[in-house]
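**Q** For the sequence shown, position 146 matches number 147 in this note's numbering, and the numbering has no gaps at all.
If you are wondering where the hints come from, they were derived from the structure by calculation, not from laboratory data.
Mixed in with the good hints there might be a few duds.
Said to hold, decoys possible - Only pairs whose alpha carbons sit at most 25 Å apart, straight line, appear in this in silico DMTMM-like list of lysine to aspartate or glutamate:
#1 Lys130 <-> Asp147
#2 Lys110 <-> Asp87
#3 Lys161 <-> Glu112
#4 Lys161 <-> Glu148
#5 Lys161 <-> Asp243
#6 Lys130 <-> Asp243
#7 Lys130 <-> Asp87
#8 Lys130 <-> Glu184
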Amino acid sequence: MVRIRVLVVDDHRIFAESLAAALAAEPDVDVFAAGSGPAALRCLERAAAEGRRYDVLLVDADLGRILPGGRAAIPVQLGDAEGPVDGISLVAGVRTAQPGVRSVVLAEKDEPRRAALALQAGASGWVAKDCSLSRLLTVIRGVLRDETHLPPALLTGVLKELTAARKHRSESERLVESLTPREREVLRCMVAGLGRKAVAERLFLSPHTVRTHMQNVLGKLGVHSTLAAVALARRAGVGPVDLAGDVVERGGQLA
2 MVRIRVLVVD DHRIFAESLA AALAAEPDVD VFAAGSGPAA LRCLERAAAE GRRYDVLLVD
62 ADLGRILPGG RAAIPVQLGD AEGPVDGISL VAGVRTAQPG VRSVVLAEKD EPRRAALALQ
122 AGASGWVAKD CSLSRLLTVI RGVLRDETHL PPALLTGVLK ELTAARKHRS ESERLVESLT
182 PREREVLRCM VAGLGRKAVA ERLFLSPHTV RTHMQNVLGK LGVHSTLAAV ALARRAGVGP
242 VDLAGDVVER GGQLA
């Protein structure tokens, strides 16, 4: 029997544990739970290092969000970027670092705009938190067959949002064009998931210089985190640097 490894990420402990227990009753599902974005990233990295990658990530849409009268954002450090990581940002980060993992966003209400953002970030589904267990299992197994799952009531709204997003792509492209050649190369390294030290080694620069370049990239793109910069870069069609075969020439003059 092929087993499905599922990671539930939700900072509502009771919900996360209840969902994990329900899924664990399935004979072909191994399920684990993480209570925050940082904890989820540690689980994913550890599993990858041990050759036991997760298949599906179930992420709370409101993870780490600052809600009126609700939870505070969870500060997290991902690479060299500090700041809150909500569920959709986590999906984007995982899509970049581990593209084989399928992500499904669990939401308390249907929101076409955020559902569209989730799909753009790399999610394969948007599911109501109060859906039945059988429905959730159908989605989990479906996304592993490369299916995309959305509630029927959301389809029209999501299509409208995605159409509008295409118009925004030109703005993202304009912002990327404002970067210097060196900053664009640093951005490509960020898209590839490289942290400051790895970028410094790759481009033969000092970590301090790379930090300055990264800060300039964020400032020119008008974002506040590496994940947001990567999302904007992808909208603009910026791909990752080739980690397998690129030969990077020493570029001290461009620093």
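**Q** Now look at each hint and say whether the structure bears it out.
**A** How the hints compare with the structure:
Only pairs whose Cα atoms come within 25 Å are accepted, and Lys130 paired with Asp147 is accepted, the gap being roughly 21 Å. A C-alpha spacing of about 16 Å is found between Lys110 and Asp87, which places the hinted pair at or below 25 Å, so the restraint holds. Among the hinted pairs, Lys161 with Glu112 is consistent with the structure: their alpha-carbon atoms are about 12 Å apart, no more than 25 Å. Simply put, Lys161 and Glu148 have alpha-carbon atoms about 20 Å apart, close enough for the 25 Å limit, and the pair holds.
A C-alpha spacing of about 34 Å is found between Lys161 and Asp243, which places the hinted pair above 25 Å, so the restraint is violated. This hinted pair does not check out: Lys130 and Asp243 have alpha carbons roughly 39 Å apart, beyond 25 Å. Using a Cα cut-off of 25 Å, the hinted pair Lys130 and Asp87 holds, with the two alpha carbons roughly 16 Å apart. For the hint pairing Lys130 with Glu184, the CA-to-CA distance comes to about 41 Å; that exceeds 25 Å, so the pair is violated.
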